[in-house]
Amino acid sequence: MTLLLDVQNVTKRFGGVTANDGVSLQVRTGQIAGLIGPNGSGKSTLFSAIMGAFPIDGGEVMFNGAPISKLRVGPIVRSGLVRTYQQTRIYSEMTCMENMQVSSRASQGNVLSLLRLKARGVDVRAEDLLAFVGLYEKRFEHAGRLSFGQQKLLEFAMALMCEPKLLLLDEPTAGINPTLINGLIDRLQRANKELGVTLLVIEHNMRVIMNLAEHITCLAHGCVLASGAPEEVRNDPRVLDAYLGAH
Amino acid sequence: MIDLILDRVQGIPEWGLLTGLGLLALVAPFVAPSLATQLAFLWLMVVFAQTWDVLGGQLGYNSFGNVIFFGIGCYACAVVQRDSGLPYYEALALGLALAAALALVAALVFGAALLGIRGHYFAIATLGLGIAAGEIAAGWSYIGAGSGLAMPLYPGALGSRELFFYFVMFAIATGCFFTLRWLYGTRFGLAMNAIRDDEDKAEAMGLHTTAIKTIAWAISAVFLGLAGGVAANMLGFIDPRDVAFSGATFGVWMVLMAILGGKGTLWGPVIGAVIFHITKELFWTYLLGWQRVALGLLIVAIVLFFPQGIMGWVKARQQSRAVVTP
Amino acid sequence: MKLKFGALVLMAALTAAGSVRAEDPATIRLGAAVSLSGKYSTNGVFTRNGYDLAVARINERGGVKVGDKTYKLEIVYYDDESTPARGAQLAERLIQQDGVKYLLGPYSSGLVEAMAPVTEKYGVPMVEANGAAISLFRKGYKYLFAVLSTTDQYLKGAVDLAGSRSADPSKLRIAMAFENDPFSQDVREGVTEDAKRFGMKIVVDDKLPPDLNDMSATLTKVKLLKPDILIVSGHEKGAETAVRQIADQRVNVPMLAMTHCDSAQIAEKHGKIAEYTLCAAQWAPSLSYSDELFGKASEYAALYEKTYKEPAPYQAAESSAAVQVFADAFARAGSLDPKAVRDALSQTNMKTFYGPIRFDETGKNVDKPTILYQVQDGKYVVVYPEKWAEAKLRTPTPSWDKR
Amino acid sequence: MIDNLLLLLQNPSFALDVVLNGLLAGAIFALAAYGMSLVWGVLNIVNIVQGELVVLGGYLAFVAMGAGVPAYFALPLSAAVMFGVGYGLYYTVIFRVVDKDLFISILATFGLSIVIQQLMNTVFGSDVRSIDTGLGSFYMLDGAVTVAWIKLIACALALVSGAALWLFLRHARLGQAIRATAQNPRAAHILGIDTGRVYAITYGLNGALCGAAGSLAVMAWTIHPYIGLPYTVRSFMIVVVAGLGNVGGVVAAGLSLGALENVAGFVLGAEYQIAFVFALMVLILVWRNWRAARRRTYLS
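Sequence lines, in order, name chains A, B, C and D. Take the first sequence: its letter number 15 is residue 15 in this note's numbering, and every next letter is one higher. Take the second sequence: its letter number 301 is residue 301 in this note's numbering, and every next letter is one higher. Take the third sequence: its letter number 295 is residue 295 in this note's numbering, and every next letter is one higher. Take the fourth sequence: its letter number 144 is residue 144 in this note's numbering, and every next letter is one higher.
Just to be clear, a hint being listed does not mean it is correct.
[Stated by the list, open to error] Calculated cross-link-like contacts (lysine-lysine; reagent style BS3-like; alpha-carbon spacing at most 25 angstroms):
no., chain 1, residue 1, chain 2, residue 2
1, B, K280, A, K138
2, B, K315, D, K100
3, C, K392, C, K272
It is worth saying that the hints were derived from the structure and are not from the lab.
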């Protein structure tokens, strides 16, 4: 398996606070990787740093073999790297279908091609993916009227519309009805297997992440605490101390 | 009463409605020839409101400088008519073509430079651009500087001038309407709304946000440029600050009309323009000397008590009456 | 349906806006768009006062006899808000919607410039009293007549005075600061022409923006280049700003000439620092013109002051004269046909309290000269042309440390 | 253009004159801009009616002096009345736009500006007004540099008022309440601060600043009912360049704007003076946006 994302010694400071301190992390093509750590350990900051939301103070991010740490959000996304947000972000004034249509891979191409009424296959794919996340019945409803959990699912489906190589998911199960969580895990795995999307998932729910991820990295106070297979990380005393002990 | 009308409107297919209105517009100048020029100005206002709404309503970018494209159109057309040596109609046609082309180029250049700027800084930058353009035009002697430019006289028979410009302006307004109607139906329209809803998200989903904004601006600029060329001929005289780059009148009116009718809708700006224009004319007729005070108060009242506009109000009413149907 | 309904309302409202009033058979309706608001509103009001005063006086005297019928005069006013765009629209509206067949002019050249194409198109004669830009009379308009002297004449007198008093006029250097509007740019043209004739050199040629209230940059340039004549034109605010800042910055020039200083009341407001300033004017109450309707110029001034409780500005006097010209033309035409009235207008040759009025083929009044005042001991005294001079020109202006 | 520049370079004393006169004009802009920055920072309102308030302040001083009030008293009087005008405006119109988006406030205050403009025109006439204080000028370097005393006084007063306001915001209880409200209105409200009143007072203070600026403008320059807009747009520009809540920045930006404008008027000719200023503003924004792009953000 080739190296898809290679985060090398990334450092990010906000004023006097060091949010990421020399963080390194690798994700291989086809993998489902996990990122855990207590609140404030710098997980979301790392996502933003990878995605180009702000300049980083040190280190380098390589995606698909090319450096991306000088690029802005747009070009990074178009190279096949997409994220979802912890506080879901969808286009609340538009219907679910419209949310999906505008998120298609085709929308990232030549702007003038957007002037065509419909792009081939977009609607079918949008409906398929909405069905995939269980929102097919809601497809003509305004996205802003969905429940938080449904919005989360919609955002996930929109991200899949982009046909990313790597998808960064920020707490996909937060706010989701516990009875639906197993279904969600199943969907993430299917997206990984059937759609060929590599996943990097931030997750608080230990049960979820242990079932899902093949490789887990644990952050604490902006530094990598441990990294390895789920079992290894779970049993690492430092992780237990910093993370589980904090609960 | 209102609900009743709303129901009736929904009962009529849109094409029926459009045809009816179109016919009405086509016969209006013959029924009331003395109002032809007034009505031509009405179409100008409709173009103003619609083109402003492309950025202001659909994209959520409030521009106070759109009048710059109107001014460029005025001058481009006037200069061609003055210097080309062609017969009147040929010169007018060439002038309008150049007006549209120059406005387009200007929009692409300014868009690339300014459309990365967001929020009120964008509004301010466009305001500054509009004022600077007016002042530069007022200093440039090739285009008449502060003395302005007089347009060539219309060669046709008495009374035909009004009809001619009425129909030209009507054509521009309808052209604009249908172009935007088509545009809002494409995925480009969706992308514009996505940027309005959450620009960071749109960018994080890979949309070429700056290019989309620039193209949208360019589309409205083309129609403003055309309208500028025709309006210059209707008025017969271009003053750099009071006609061409008149930010404090045309520049603000276009915003108000769009808001009054309802931002971000296809029909809103049209309705807003019609109501605003009539109200303004009535003020001018019946409130001699106080009309500007009345206009100022009207502006305050619109934005304070009616910021969602007529279409916004209608929508809210519909939504409260029935769940949205697909 | 709602939209159709809206369109009907629109039609109804626009028709109402263009309310067609019933024509009273015994009145002639004149239309006028004047500036009641906006930057020209002071002068716009003077213009309206002038029109009203003449109409009232003519109606008092029984009206105008056209053929064997006698008519009263009536004026339909609109406010053009001092903007040309509005002016053009209103001209159209007066003619099309209100059915007016004769127009009185607006205030300022820019407005006339905007309205003239419209009146020309409809063949409606317009007699105007406040748009003097020479460019207006180069367009071949047939229905435009102006009772006042053209703008290019305004400050020629000053150049003339300086040139004729100098041993070698070609050594003289001129500084000019003109507002960037049609009126002042026209004044500039007249001055440049005359300067060229004398071979004078123009060393400063600035265009002042209309909303400028600070001309210190231009004045520093003047101070640096030490010209012999400084000429300023920019309506009242130009005169006010110039007088004030020339004193503030102690700019020494042997001769200072400007327009609009009497209406800006520089002598009254600024006293000593306004002394020696030359002011161009169309008319003064002290001139010895007279006519039957108003009597002598001074009597007109007295009547105006009695009616409006302020001294008579020349803007009002020329406006009154415009109405007189119309009345005269109606009587001579013996008909109310606009074409006949237009032809009668072109034959106008009359003496008024405002001065002699005779139009050339372009429609400008070629019989009346402009005058120059000088502020002397706090009064405006006519010093040019020689024929009307009340006192001798005081020149050169001493430098500030000697004043 | 080039010869004008050479002229200036060859005559440094005159160059000083140009710069100095510009700086002094800039002080008035700074004063008005300071008020705008205050309102923008605290109420989150872009106050387009700013220029009209300045002009109104000028008219009040003019009327007061016409009625025999001495100049040194006309200014505080005008400022005091304008405080009341601002306070009143807040409770009639402004309070309705406080929590609306910026754009609504821009339009609403624009509407107000038309109304006030027109009312001033009706009440005071469209004549150009100025007050001659009779203080004369101050000159040096053989008269190359001449500065009207009143302009110097205006500049000094502008700086003093700015400083006084800064001290007030920093140390007075009410000033602290204003700053707290600016930072977080909800928190301030919870702490028992009557935010509505704080807003009203802030807007009143802005009125007073405008009153002072207007009084100085009518004494040192001229006013008429339609001269408000230039003050508004300049204030706007100064605040944009300086950033919110930055007294020093506002003063520096105001003074340099005045100086730049005058130099531009000299070099490019008066007709391009305003064009230069606005083109410059657009360029500054484009430049700031370009810098923001390098930080992977946007100017907003």
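To see whether the hints hold, each was checked on the structure:
1. Under the criterion of a C-alpha separation no larger than 25 angstroms, the hint pairing K280 (chain B) with K138 (chain A) is inconsistent with the structure, at around 45 angstroms.
2. Taking the CA atoms of K315 (chain B) and K100 (chain D), the gap is about 21 angstroms. The hint holds against a cut of 25 angstroms.
3. Proximity of K392 (chain C) to K272 (chain C) is assessed by CA-CA distance (about 19 angstroms); at most 25 angstroms being required, the pair is judged to hold.
Violated hint for the displayed structure: number 1, the only one.
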